[in-house]
Each structure stands twice: as structure tokens, then as C-alpha cells.
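As a plain string of letters, each chain reads:
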Amino acid sequence: MKEVKKQGGLNAEIQSRIGHQLRAMYDDVVRQGVPDRFAELIRKLDGPEAAAAAVAGGDTDKNNGGD
Amino acid sequence: MPLTNELRDDILASVPSLRAFAISLSGNGDRADDLVQETLLRAIANIDSFQPGSNLPAWLFTILRNLFRSDYRKRRREVEDAEGNYAKTLKSQPSQAAHLEFEEFRTALEKLPQDQREALILVGASGFSYEDAAAICGCAVGTIKSRVNRARSKLSALLYVDSAEDFGPDNTVRAVIGGNGG
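Heads up: the protein sequence lines correspond to chains U and H, in order. Each residue of the first sequence is one higher than the one before, counting from 1 in the numbering used here. Each residue of the second sequence is one higher than the one before, counting from 1 in the numbering used here.
Possibly wrong hints are sitting among the right ones.
As the list claims (entries may be wrong) - Label pairs and their calculated CB-CB ranges:
| hint | chain 1 | residue 1 | chain 2 | residue 2 | range |
| --- | --- | --- | --- | --- | --- |
| 1 | U | Val34 | H | Lys111 | 48 to 56 Å |
| 2 | H | Asp71 | U | Ser16 | 32 to 40 Å |
| 3 | U | Asp36 | H | Cys139 | 35 to 43 Å |
| 4 | H | Ser146 | U | Gln32 | 31 to 39 Å |
Claimed, not checked - Going by beta-carbon spacing under 7 Å, a handful of chain U positions derived as facing chain H:
| hint | residue |
| --- | --- |
| 5 | Leu22 |
| 6 | Val29 |
| 7 | Gly33 |
| 8 | Phe38 |
| 9 | Gly47 |
| 10 | Ala54 |
Treat the hints as calculated values from the structure; they're not laboratory data. The C-beta atom is built at its ideal place from N, Cα and C for all residues, glycine as well.
So that you can see chain U by itself, here it is in the shape it has in the complex (with noise of 0.2 Å):
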């Protein structure tokens, strides 16, 4: 029986490695920045407008003509 390393110490230490791994993951992609497209996206549109038809553009079942 190995309930006493279950109860306190491996618990945690498994947390803190579940915990390191998932921000390893996440951490990177956040570290390869801001792809160009996106930058290029951003610059590019004037403002709502040119997004809302941007988004109306790529996916022809939504609704632009909301607000």
C-alpha cells in the first residue's frame, strides 16, 4: 500500500507538473508573437465596417445588417 505518498506529497508534486506542462504548452505558441497576417489584418481595416463585411464576406450565412 502507498497511501501515505499519495495523501500529501505526490499529489502536489503532480499538480505542480500538470501545471508546468500546460503553461509550457501555452507559453509556446505565445512565444512565436503576432503572425504577419494577423498584423496585417489589423492595419489593413478601416474600422467596423470593414471587418463586419470582412466577416459577412468569408461565411455567407450571418447577419450583417444588425445594427
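Use these hints to put chain H onto chain U, whose structure you have.
For chain H alone, kept in the frame of chain U given last:
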């Protein structure tokens, strides 16, 4: 508020973490970037409804999360093709052993119910408070806490322990939450 240059910069600054969130949710780099693109378009299209001074990353994450959920429902049946896709999004390939452990972790993460996975990522990786995570997911703070707890118990069961039932989720939870002053 109007789309000022400052706001553009702030939106752009959120892109790296939006991508990380999208990839963690979908397990697929290409789909994740489509999700981010649509999030940015919708955010700017609805920029008038953003309250100046409120939490911009949380607002953007909310949009992305809602898009993912509607997208996910549509594509439910073709979701199981993620094998290897995540690794492709990485710039540097980890070492063999680290890679195996990483794959194992990613696979375990994908086995979690969606509610639990997103709660865990928001709190454990994106660094949102429980309150912000609750706002993003449109649920109560207590619900987020219990989802995070269940996610962590389940991950430890999948990854490290053959019989996780031996220790109650409450213990697991306490150890984890302790470090997170949220």
C-alpha cells in the same frame, strides 16, 4: 469605443495568447488561426460595444470561446484528426523524451470534457482570475473552480496515477488552488 491606433496595438498584443488559447482548445493549429482571424474581425466589427477601461483580453477571449463552441458543434464529427497537428505549430521541436511526455499530456488534455478543458486553460495557463474566467465562460465563479478542480484530478489520473479514486478531488484541489492567489 472607436478603433484608435492604441486599441489596435492592444488587440494585436493579445494575438499571441489568443492563438495559444485557440490551439489548446482545438488541438489544431490551422483551425486555431482561422478562429483567431474570425475573432479579430468580429471584435473590430463590434468595437463600439467594448467598454473603454474594461478587460480587453477577457473580451477577446470571450468572442473566441463563443466562436469555438459554435464551430465545435458544427464539426463535432471530424474532430478526431488532431494527431500531430499540434506539434507542427511549434517552432522548435522538443527532444524525443520531452516530446513523448508532451504528446501524452496533449492527448490527456483532449480527453477532458470541453467545459473542464477551457476552465483549466484559462486559469492555469492564460492566467485569468477565476472571476474573469467565469465571465468569459458565462458561468458562476464556483462553477469555474469546480471545473478546474475536476480537470486537474482527471489529468493526474490519466497521466500519473492508476487509481486516482484513492485520493479525493478535494485534496487535489486544495493543493492546486493554494498556489493561485486569484
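Hint check results:
In this structure the hint that Val34(U) and Lys111(H) lie 48 to 56 Å apart at CB is violated, the actual value being about 31 Å. Look at Asp71(H) against Ser16(U): about 33 Å separates their beta carbons, and that is inside 32 to 40 Å. Roughly 36 Å separates the CB atoms of Asp36(U) and Cys139(H), a value that falls within the hinted 35 to 43 Å. A hinted range of 31 to 39 Å holds for the C-beta pair Ser146(H) and Gln32(U), which are about 33 Å apart.
Hint on Leu22(U) holds. Least Cβ distance to chain H is approximately 5 Å, under the 7 Å limit. Look at Val29(U): its Cβ gets to within about 4 Å of chain H, closer than 7 Å, so that hint holds up. For Gly33(U), the suggested interface contact is upheld, since its CB lies about 6 Å from the closest CB of chain H, less than 7 Å. At about 5 Å, the closest approach between the beta carbon of Phe38(U) and any beta carbon in chain H falls short of 7 Å, and the interface hint on this residue holds.
For Gly47(U), the suggested interface contact is upheld, since its CB lies about 5 Å from the closest CB of chain H, less than 7 Å. A least Cβ separation of about 5 Å between Ala54(U) and chain H falls short of the 7 Å threshold, and the interface hint therefore holds.
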